Amino acid sequence: MANPMRIRAAAKDGITEVRILMNHEMETGQRRDSAGAIVPAWFIQEVTARLNDKDVMSAQWGPSIAKNPYFAFKIKGGKAGDTVSVTWVDNRGESRTDNAKVT
Amino acid sequence: MAARTGAAVAAVVAAIAVAALGVAGVAQEKDDAAKSIEAYRQALKDGNPAELFEMAGEELWKKPAGPRNASLEKCDLGLGPGVVEGAYAQLPRYFADTDRVQDLESRLLTCMETLQGIDTRAHVEARFGTPRKDELVALATYVSGLSKDQPVKVAASHPRERAMFELGRRMFYFQAGPHDFSCATCHGEEGRRIRMQDLPYIPGKEGAAAGWTSWPAYRVSAGQMWSMQWRINDCFRQQRFPEPVYASDMTIALSMFMAATANGSTMATPGIKR
Amino acid sequence: MIDIERRRVLRAGGIFAAFAAAGLLPAGRARAAWNKAAFEGKTVQEALASIGAGAPATSDDVQIIASDIAENGAVVPVQVVSRVPGTTQIVLFVEKNPNVLAGIFDIGPDVAADVTTRIKMMQTSNVAAVVKADGKFLASVKEIKVTLGGCGG
Numbered sequence: 001m002a003n004p005m006r007i008r009a010a011a012k013d014g015i016t017e018v019r020i021l022m023n024h025e026m027e028t029g030q031r032r033d034s035a036g037a038i039v040p041a042w043f044i045q046e047v048t049a050r051l052n053d054k055d056v057m058s059a060q061w062g063p064s065i066a067k068n069p070y071f072a073f074k075i076k077g078g079k080a081g082d083t084v085s086v087t088w089v090d091n092r093g094e095s096r097t098d099n100a101k102v103t
Numbered sequence: 104m105a106a107r108t109g110a111a112v113a114a115v116v117a118a119i120a121v122a123a124l125g126v127a128g129v130a131q132e133k134d135d136a137a138k139s140i141e142a143y144r145q146a147l148k149d150g151n152p153a154e155l156f157e158m159a160g161e162e163l164w165k166k167p168a169g170p171r172n173a174s175l176e177k178c179d180l181g182l183g184p185g186v187v188e189g190a191y192a193q194l195p196r197y198f199a200d201t202d203r204v205q206d207l208e209s210r211l212l213t214c215m216e217t218l219q220g221i222d223t224r225a226h227v228e229a230r231f232g233t234p235r236k237d238e239l240v241a242l243a244t245y246v247s248g249l250s251k252d253q254p255v256k257v258a259a260s261h262p263r264e265r266a267m268f269e270l271g272r273r274m275f276y277f278q279a280g281p282h283d284f285s286c287a288t289c290h291g292e293e294g295r296r297i298r299m300q301d302l303p304y305i306p307g308k309e310g311a312a313a314g315w316t317s318w319p320a321y322r323v324s325a326g327q328m329w330s331m332q333w334r335i336n337d338c339f340r341q342q343r344f345p346e347p348v349y350a351s352d353m354t355i356a357l358s359m360f361m362a363a364t365a366n367g368s369t370m371a372t373p374g375i376k377r
Numbered sequence: 378m379i380d381i382e383r384r385r386v387l388r389a390g391g392i393f394a395a396f397a398a399a400g401l402l403p404a405g406r407a408r409a410a411w412n413k414a415a416f417e418g419k420t421v422q423e424a425l426a427s428i429g430a431g432a433p434a435t436s437d438d439v440q441i442i443a444s445d446i447a448e449n450g451a452v453v454p455v456q457v458v459s460r461v462p463g464t465t466q467i468v469l470f471v472e473k474n475p476n477v478l479a480g481i482f483d484i485g486p487d488v489a490a491d492v493t494t495r496i497k498m499m500q501t502s503n504v505a506a507v508v509k510a511d512g513k514f515l516a517s518v519k520e521i522k523v524t525l526g527g528c529g530g
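Chains as they are written, first to last, in my numbering: chain Z, 1 to 103; chain P, 104 to 377; chain D, 378 to 530.
Please note that the accuracy of each hint is not assured.
Stated by the list, open to error - List time: in silico SDA-like cross-link candidates among lysine to any residue, alpha-carbon distance up to 25 Å: (1) K473(D) - S139(P); (2) K473(D) - K101(Z); (3) K12(Z) - G185(P); (4) K256(P) - G185(P); (5) K419(D) - A41(Z); (6) K12(Z) - V458(D); (7) K419(D) - N91(Z); (8) K12(Z) - K101(Z); (9) K165(P) - N23(Z); (10) K166(P) - D149(P); (11) K522(D) - W411(D).
Please keep in mind that the hints were generated in silico from the structure rather than gathered at the bench.
Note that the structure is a prediction, hence the values are computed from the model and not measured.
Produce the entire structure from the sequences given, and follow the hints as far as they go.
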């Protein structure tokens, strides 16, 4: 099971600001290890987010996104007590979903 | 004669003015660069990947482990069993139960042994970046996060604490290794830097605080979380010293020197570095 | 023991097709497959062509907010804000990276055209943000300098 993300969602003036820290190597596939072998590419390809079961945001990523990715966006709407859910899927087909309550 | 002198003087004045503009130009460039880098550092602070390690450390703190199948939740970090909040800001300190001055990481080892029954030799010997050390770093990150914004309270008043402080100071100035380096070589004078990194003057309160209050820290360049023991270990490597034993008295002494010199400053852990 | 048919479906359509085939995707989640061609583009032009963008005009309404200097190329915070009405997509490129296309952000009706992420940069480079709005593409470019960190810190 992949490592958990850290999600913070705060509602203010009709906008819910979502800030996410994901735990992922985001390996480019360009690096060599100490033995000289290429470290295979391993990176998040897709990110989706929902506010209370409604899809609000999606993104496609490549390995130029930094390791332990940070991602922030603003949902129009949302209020304290709502649930923000975020899912990522990587190029190995591994996936992780975490939820957070909007404060 | 007077006219020629006047013209010459004017020419010299003009030359100085141009030179001054040039210098001011360079100074302005340095200023802009410094501001830019500060903006970069600020942008990194919101969403510090160290938080991922705090989460992992909290899980480890609460997870039963070892032959005694116990968690670390009764570990005494100096403020009483199980009190984590504010504990990092008051370390290193003297502990009566072990009759030693200890820093956070040596105290974590003590608790793993006494509460969980784990033989921590493998943890001590493990290389940084391997699972056993990762556990200790995550635990240290978690504990340090609960001292964020707390004042450093390390007065080194107990005689054993004072002795450690003095030992740490001696070690700080002790030249050794093939390059005859000491900690002071980099950190013993104001205004030093290596490429883009300013080197804090550790014997002074401000410099000591710059170092002591910001580790454990996430190093973006390596994508790794480093504890203070790791930072000290790497300093020894950079000085071409023999590798220090993890959480040994010498490393605790150096920590005591830094922490007590930084007494009164504010903990900003976990930090984030380039 | 994995079913041969299912294995074929998985290889053909990728994991999302398999999920959709198995009815595992919740209703309404029509998801685009990962745009392999775009992400494997070696130049900004190639990647732009893969997303149908051609040669976008620059616009002051597309803003890249990032520090001029990154102390370390491993992690460079970048924010893109689009004031172009009808923005449906924000695309981020790092010109001199081996992987030129960094990310494609779908701006649906429920989110603002304002995203922040962190990229890695191999060297000092132009970072370009291309915005799709009402079928048209507009762009903004900013150079970010990457310094070499020292031994400390």
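Against the structure, the hints come out as follows:
{"no.": "1", "hint": "K473(D) - S139(P)", "verdict": "holds, 21 Å"}
{"no.": "2", "hint": "K473(D) - K101(Z)", "verdict": "violated, 39 Å"}
{"no.": "3", "hint": "K12(Z) - G185(P)", "verdict": "violated, 36 Å"}
{"no.": "4", "hint": "K256(P) - G185(P)", "verdict": "holds, 19 Å"}
{"no.": "5", "hint": "K419(D) - A41(Z)", "verdict": "holds, 16 Å"}
{"no.": "6", "hint": "K12(Z) - V458(D)", "verdict": "holds, 19 Å"}
{"no.": "7", "hint": "K419(D) - N91(Z)", "verdict": "holds, 19 Å"}
{"no.": "8", "hint": "K12(Z) - K101(Z)", "verdict": "holds, 14 Å"}
{"no.": "9", "hint": "K165(P) - N23(Z)", "verdict": "holds, 21 Å"}
{"no.": "10", "hint": "K166(P) - D149(P)", "verdict": "violated, 29 Å"}
{"no.": "11", "hint": "K522(D) - W411(D)", "verdict": "violated, 30 Å"}
Hints 2, 3, 10 and 11 from the list above are not met by this structure, while the remaining hints are.
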